[in-house]
Amino acid sequence: MKRIKAKIVEHKKLAPAIYSIWLQAGVIAGIIKPGQFVMLTLDECFEPFLARPLSVADTNRDKLRLIYRVVGKGTRLLQDKKTGESLYVLGPLGKPVKPVKNKKIVLCAGGLGIAPLLFLAKKLSKNNKLTLYFGARTKRELILLDEFMPLCEKISLATDDGSQGKKGLVTDLLIKQLIPNPQPPTTIIFAAGPLPMLQKISNFQFPISNLKLFGFLEERMGCGCGICFGCGVKKKDNGYVRTCTDGPVFDLNEIEL
Amino acid sequence: MKKTQNIKIKNLIFKNPLILASGTFSFGDKFISVVNQMGGIITKGITLQPRPGNPMPRIWETASGLLNSVGLENPGIDAFLKNILPGLAQLKTNLIVNISGNQVKDFTALAEKLSDADIDGIEINVSCPNIRETDKMLGQDPKTVFQVVSAVRRKTDKFLITKLTANFIDPLLTAQAAKDAGSDAVCLVNTLYGIALDSNTGKPMLGGIFGGLSGPAIKPFALFCVWRVASRLKIPIVGCGGICSADDVREFLHAGSSLVQIGSANLRNPYAGLEILHKLSDKNFKGGVK
Chain F
0 MKRIKAKIVE HKKLAPAIYS IWLQAGVIAG IIKPGQFVML TLDECFEPFL
50 ARPLSVADTN RDKLRLIYRV VGKGTRLLQD KKTGESLYVL GPLGKPVKPV
100 KNKKIVLCAG GLGIAPLLFL AKKLSKNNKL TLYFGARTKR ELILLDEFMP
150 LCEKISLATD DGSQGKKGLV TDLLIKQLIP NPQPPTTIIF AAGPLPMLQK
200 ISNFQFPISN LKLFGFLEER MGCGCGICFG CGVKKKDNGY VRTCTDGPVF
250 DLNEIEL
Chain W
0 MKKTQNIKIK NLIFKNPLIL ASGTFSFGDK FISVVNQMGG IITKGITLQP
50 RPGNPMPRIW ETASGLLNSV GLENPGIDAF LKNILPGLAQ LKTNLIVNIS
100 GNQVKDFTAL AEKLSDADID GIEINVSCPN IRETDKMLGQ DPKTVFQVVS
150 AVRRKTDKFL ITKLTANFID PLLTAQAAKD AGSDAVCLVN TLYGIALDSN
200 TGKPMLGGIF GGLSGPAIKP FALFCVWRVA SRLKIPIVGC GGICSADDVR
250 EFLHAGSSLV QIGSANLRNP YAGLEILHKL SDKNFKGGVK
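Note that the protein sequences, when read in sequence, are chains F and W. When we follow numbering that gives the first Met the number 0, the leftmost residue of the first sequence carries the number 0, and every step to the right adds one. When we follow numbering that gives the first Met the number 0, the leftmost residue of the second sequence carries the number 0, and every step to the right adds one.
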C-alpha cells in the first residue's frame with residue numbers, strides 16, 4: 000500500500016454531474032486489481048477532513064481511472080480540479096476479486112456501480128462469457144456503454160424514466176431474464192450499485208444451481224485501510240467484518256445487508 | 000531528519016513525543032513501519048468481554064473533523080492476549096494497551112490480566128462516549144476516576160496514562176484524582192459528545208445515535224484543557240485533540256504537554272504520524288506558554 004501525489008492527466012464530464020478522471024498513479028496503477036479501491040485526499044488543508052473512497056474503473060500502465068458523481072463537498076471540490084493539478088491517492092485498498100475462468104459472468108450495475116464493473120469486465124472478458132445488466136435514472140446516465148460493447152455478449156438496459164431500455168429497475172430485468180433461461184451451473188453474478196439493489200438481488204431466490212453472488216459494497220469509511228473499525232458489515236453467522244479490508248466485494252450469502 | 004529528543008516519564012523512554020491514539024490505529028498490527036518510528040502506540044480499547052461494536056454508520060464527517068460511534072469493537076482481553084499481543088512482540092516502540100470498562104471491577108480484572116503481559120504501559124480509558132451500558136462516563140466523576148485508577152494501580156506497577164474527558168466535567172478535577180490515585184500521566188482530551196441529524200427527517204446519522212467528536216474542530220478546546228491542567232497541576236500530560244501537523248504538536252508542547260497523541264489525522268492519512276515526525280524538530284524548542 001502506498002500514498003502518492005498523483006497528477007490529473009484527463010478530467011472530463013461523462014453525463015450531468017458524472018465525471019471521469021485519469022490520474023498518473025505510478026505503482027498503485029500498476030498493481031491494483033478489480034474489486035480494489037483507493038482513498039483520495041484533495042490537498043493539504045483539512046476541509047473536508049476525511050479521504051474519499053473511490054472504486055477503480057480502469058488502469059493503463061501507470062494511469063488510474065476513477066469515475067464519480069458530484070454528491071457533496073468532497074466531490075464538488077474534486078470536480079473543480081484541472082488537468083495538471085494533483086491529488087493524494089492511497090491504495091491499493093481492499094481485496095481483489097479472485098480471477099475465474101470459463102464461467103458465465105453476469106454483471107449487474109446500478110448507476111455509478113458500472114465503474115468498478117468496467118475494470119472487472121476488462122479482466123474477465125478474455126476467459127469468460129459476460130452479460131451486462133445496467134440500470135440508471137435516465138439515458139444520459141447509461142455511461143461507458145461503448146466500452147462494454149466489445150467485452151459483453153449481451154447488454155440489457157433499464158432506466159427509471161424509460162428514456163432507454165426497459166422502464167423500471169435493472170433488478171427486475173435481471174430476475175425476469177434469468178428465470179426463464181436457467182444458466183449453466185457455473186454462473187457468477189457481480190452486482191454493484193445502491194444498497195436497495197444489492198438487497199433485492201441478495202434476497203431473491205434465483206432458481207439456478209451453483210450460483211455465486213458477489214456484491215460491491217459502498218460504505219461510509221473513516222480510514223479505508225483497516226485501522227479505525229468504522230466500516231463494519233454484519234456477517235450472517237456472527238459479528239462484523241470490515242468493508243475496507245475484508246471487502247469491498249463480498250459473497251452476498253455471507254453478509255447481512 | 001533531525002533527531003528528536005528522548006522524553007522520559009517515570010521509567011519509560013519515548014524516542015519522540017508522538018503517540019498513535021487509541022482507536023485510530025487498530026492494535027498496532029498495521030503499518031508497522033509507521034508504528035515503529037513513533038514514540039508509542041496505544042491499542043484499540045480492550046474490554047473484559049468481547050464487544051461487537053455499534054451499528055452502522057459509525058463514522059460521520061463534520062466540519063473539520065468527524066463523529067465516531069464505533070462502540071469499542073474488540074475481541075475482549077483474553078482473545079487479545081492470546082491472538083493479537085504475540086504478534087506485537089517485535090514492535091520497536093512503546094506498546095500501551097488501552098483498557099475500558101463499565102465499572103471499577105472491570106478495570107481491576109483487566110489490569111490483573113495485563114500485569115504480566117509484555118507491554119510498556121496501560122492507558123485507562125474512563126472517557127469513551129460510546130459505552131452505552133452506563134448513563135454517565137466514569138470519567139465524569141473525580142471520585143470514580145480515583146477508584147478506577149487506584150484499582151489498576153494496586154494490580155500493576157506498569158506505566159499508567161489516564162485518558163480523561165472534558166464532557167461536562169472540569170478535567171482539572173479528574174486529573175487531580177488520577178494523579179492522587181497514582182497515574183503516571185493524564186491524556187487530555189478524549190472526544191467530545193456530538194450528534195448529527197438528517198436536516199429533512201431529523202433522523203440521527205450515526206447508528207449509535209450519538210458519538211465522539213474529534214479532529215481539528217476540537218483542537219482549540221483540547222489545547223485549552225492541556226493549558227488549564229498544566230498550569231495548575233504537576234503531572235505529565237499527553238495532549239490530544241485534532242493534531243494534524245508539526246505546528247499543532249509544537250502548540251501542545253508549548254501549552255504544557257510532554258507527549259501528544261495523533262488520532263483522527265491517521266484516518267485521513269495513515270502516514271500522518273510519519274509526515275509530522277519528519278517536519279518536527281526539537282531544535283531550540285523551549286516549551287511553555289510565552
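To be clear, the hints were calculated from the coordinates, so they are not data collected in a lab. Quick caveat, the model's predicted, so the values are computed rather than measured. Treat the hints loosely; a few may be bogus.
Cross-link-like lysine-lysine pairs, in silico, DSSO-like; alpha carbons within 30 Å at most [as the list claims (entries may be wrong)]:
1. K100(F) <-> K72(F)
2. K9(W) <-> K91(W)
3. K135(W) <-> K14(W)
4. K1(F) <-> K9(W)
5. K80(F) <-> K14(W)
6. K278(W) <-> K6(F)
Estimated spans, in silico, between C-beta atoms of each pair [claimed, not checked]:
7. R75(F) <-> E132(W): 39 to 49 Å
8. D115(W) <-> N209(F): 45 to 55 Å
9. N101(W) <-> G83(F): 50 to 60 Å
10. Q102(W) <-> E255(F): 47 to 57 Å
11. D115(W) <-> D236(F): 29 to 39 Å
12. N59(F) <-> N35(W): 33 to 43 Å
13. K97(F) <-> A88(W): 30 to 40 Å
So the derived list for chain W, only partly shown, Cβ under 7 Å to chain F, looks like this [said to hold, decoys possible]:
14. S25
15. S32
16. E60
17. V69
18. P203
19. K278
Just so you know, even glycine gets a beta-carbon here, dropped at the ideal spot from N, CA and C.
Hints the structure fails to honour: 1, 3, 4, 5, 10, 15, 18 and 19
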